[in-house]
Amino acid sequence: MPQDSHRRPRARSRRSGTRFPGQPADRHQAHRRPAPGGRPQGAEPQGHRAAAADPAGHGPPTVSPASPQAAPSPAPLQVGQVVELEPHALAAGGDAVARYGGMAVFVPWVAPGDRIRARVTEVKPRYARAAAEAVLAPGPDRVSPTCPLFARCGGCRLQHLSYPAQLAWKRRLVVDALERVGRLEAPPVAETLGMDPPWFYRNKAALPVRRLPGGRVAMGFFAPGTHTVVDLEEHGCAIQHPVINQVAAALRRWLEEDPDGRATSTYDEERHQGLLRHLVVRVGLRTGEALAGLVINGDGLPGEERLARHLQEQVPALAGVVKNLNRRRGNAILGPETVPIAGRPWIVDRLGGLEFRISLESFYQVNPVQAERLYQVALDYALAGREAGSAAMGSNPGAAVAERDTAAGRPARDAGATGARRDPGTGDAGTAAGGRPFWLVDAYAGIGTLALLAAARLAAGTAGRGVAGSGYRVTAIEVVPEATADARVNAERNGLQGVEFINGAVEDVLPRLAAESQGGAGGGDGAAARGGRPDGILLDPPRKGCEPAALAACLELAPPRIVYVSCNPVTLARDLAVLCDTGSPAAPAVHGSGRRRGRRARYRLEAVQPVDMFPHTAHVECAALLVLEEG
123 MPQDSHRRPR ARSRRSGTRF PGQPADRHQA HRRPAPGGRP QGAEPQGHRA
173 AAADPAGHGP PTVSPASPQA APSPAPLQVG QVVELEPHAL AAGGDAVARY
223 GGMAVFVPWV APGDRIRARV TEVKPRYARA AAEAVLAPGP DRVSPTCPLF
273 ARCGGCRLQH LSYPAQLAWK RRLVVDALER VGRLEAPPVA ETLGMDPPWF
323 YRNKAALPVR RLPGGRVAMG FFAPGTHTVV DLEEHGCAIQ HPVINQVAAA
373 LRRWLEEDPD GRATSTYDEE RHQGLLRHLV VRVGLRTGEA LAGLVINGDG
423 LPGEERLARH LQEQVPALAG VVKNLNRRRG NAILGPETVP IAGRPWIVDR
473 LGGLEFRISL ESFYQVNPVQ AERLYQVALD YALAGREAGS AAMGSNPGAA
523 VAERDTAAGR PARDAGATGA RRDPGTGDAG TAAGGRPFWL VDAYAGIGTL
573 ALLAAARLAA GTAGRGVAGS GYRVTAIEVV PEATADARVN AERNGLQGVE
623 FINGAVEDVL PRLAAESQGG AGGGDGAAAR GGRPDGILLD PPRKGCEPAA
673 LAACLELAPP RIVYVSCNPV TLARDLAVLC DTGSPAAPAV HGSGRRRGRR
723 ARYRLEAVQP VDMFPHTAHV ECAALLVLEE G
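Each number in my numbering comes from the position in the sequence shown (counting from 1) with 122 added on.
Simulated from the structure, these hints should not be mistaken for laboratory data.
Positions of the beta carbon are idealized from the N, C-alpha and C atoms, including for glycine.
Please note that the accuracy of each hint is not assured.
[Unchecked claim] Cβ-Cβ distance ranges computed for the label pairs, FRET-style: (1) P710 / Q640: 20 to 28 Å; (2) R408 / G626: 27 to 35 Å; (3) T350 / E307: 18 to 26 Å; (4) G202 / P319: 40 to 48 Å; (5) G422 / E307: 53 to 61 Å.
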């Protein structure tokens, strides 16, 4: 595929034989290499490691002529045994799940409905694993992946599954987690919002660099369950921006052809020796600007200034080249210090009508197209009825909830419950009851994306009265200092007032705000001066979810609405079990009273919207709306 092609890959028949690779889309763990194995959750008992897809290294199963399915043997499965299976579902990590003699068998790179011949690779008391050797009859949702590296590269897990089937499975993943882990009965989960076309969406990649015998360089992603680099030179990657492939190709030429490049060693993680560790590239989808980061185990690279000029000549989109110094052992990709080599150490991108400065270390969604949809839903949930632009944004989550209630045979709730209805105690657009400024807290704010988008919408709601900036206040909390610095610059760049940024851990700052809202001594963030409790809290934590102290503070503050944006359905369900007080054993112990006016605050789950931020991978994001139960 041409490196600069933005064309959608041509559809293939289910029985043809080519495919597409990608990179694990772990949004908040973007600076960490994938550890060998994984933990499929759902049908498999939690805590078991995921096996590599093909221990022999032969790739995905071949498609064979159909043959009658053998009856399952009642004898216990044994390693090396060949069996015929027909998977009926997918586990959370993307492995197919089949039943054999009452035992669950997990098989990677297979679609539900396929009839396969597989060899057993692992047997445990409650489940087994197998590697598919042949697809005897393809299921209705099987398609042929376009990338020839599929199943060799550890990125895309679902390219063998039709895109509508991927979206349906991701919704089921969210529902299962909320029901099983969160003990939330019949959760109101909408259909997954997909992407069209679902290709070339990643604006960031972190590529390990390895020098091979003979001087060649491998640069790509890790093979499943290993730290062996699968080289992308010939095929590129169809889920990442083409500029990323161009920068990788230019660096490869330097390392293989330039004298200083040939003298540059690459990192050996076992011996903790070698210089060049990773190439990290960020691209602004709407501005076209790119930033290249060279992660090194030392202070500098041979001829690094010439290298930077070479990269910028080969890829004119590069606004800057930096080096990141990471001398530490371990799997953290980025180190603590970033030094400019040429150009700017940041780029600018546009999202939701605003401009954002993005540095190498900052968190910024890797799929800005879908991020806009996710953030629109989150802000529709948080700001419904409080700003003039809410109806114009084209979302009515309350109507969707009412429609699902009717379809499920439940009494239809007022569509305004998640749409136009104002919560008790709120006033006109941009203000709360009594004329005090509407106060929104954005926890885990990153570079301020959600906080600033919220401020822009609230400012639009108050501008008609000539009081823009005075009718609302947004508090953004972020632990990474560089991200907080970017957020302040972004607020100034977009001319937004009424936004304050607090650099600190959410589990430390939220309890201070809660203490101040109760009139206690909390450390000076000024919650009491803002008028007591916030009108809404946005939670957008990393994959591990919220710390118990943060959840306890949410219950103490007891805002009318909480919007939880999650990249992990399991930790989302665990945390909602706390906020909704479902009694789930998965819910962590939350210290502190969590009481409001003598009662424990309790929330009702009103709506959940999954968004496919990472097509062809096993990851899904969603926004959940929680409304405080009165009385």
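Hints versus structure:
{"no.": "1", "hint": "P710 / Q640: 20 to 28 Å", "verdict": "holds, 23 Å"}
{"no.": "2", "hint": "R408 / G626: 27 to 35 Å", "verdict": "holds, 31 Å"}
{"no.": "3", "hint": "T350 / E307: 18 to 26 Å", "verdict": "violated, 45 Å"}
{"no.": "4", "hint": "G202 / P319: 40 to 48 Å", "verdict": "holds, 42 Å"}
{"no.": "5", "hint": "G422 / E307: 53 to 61 Å", "verdict": "holds, 59 Å"}
In the structure shown, a violation is registered for the earlier hint numbered 3 alone.
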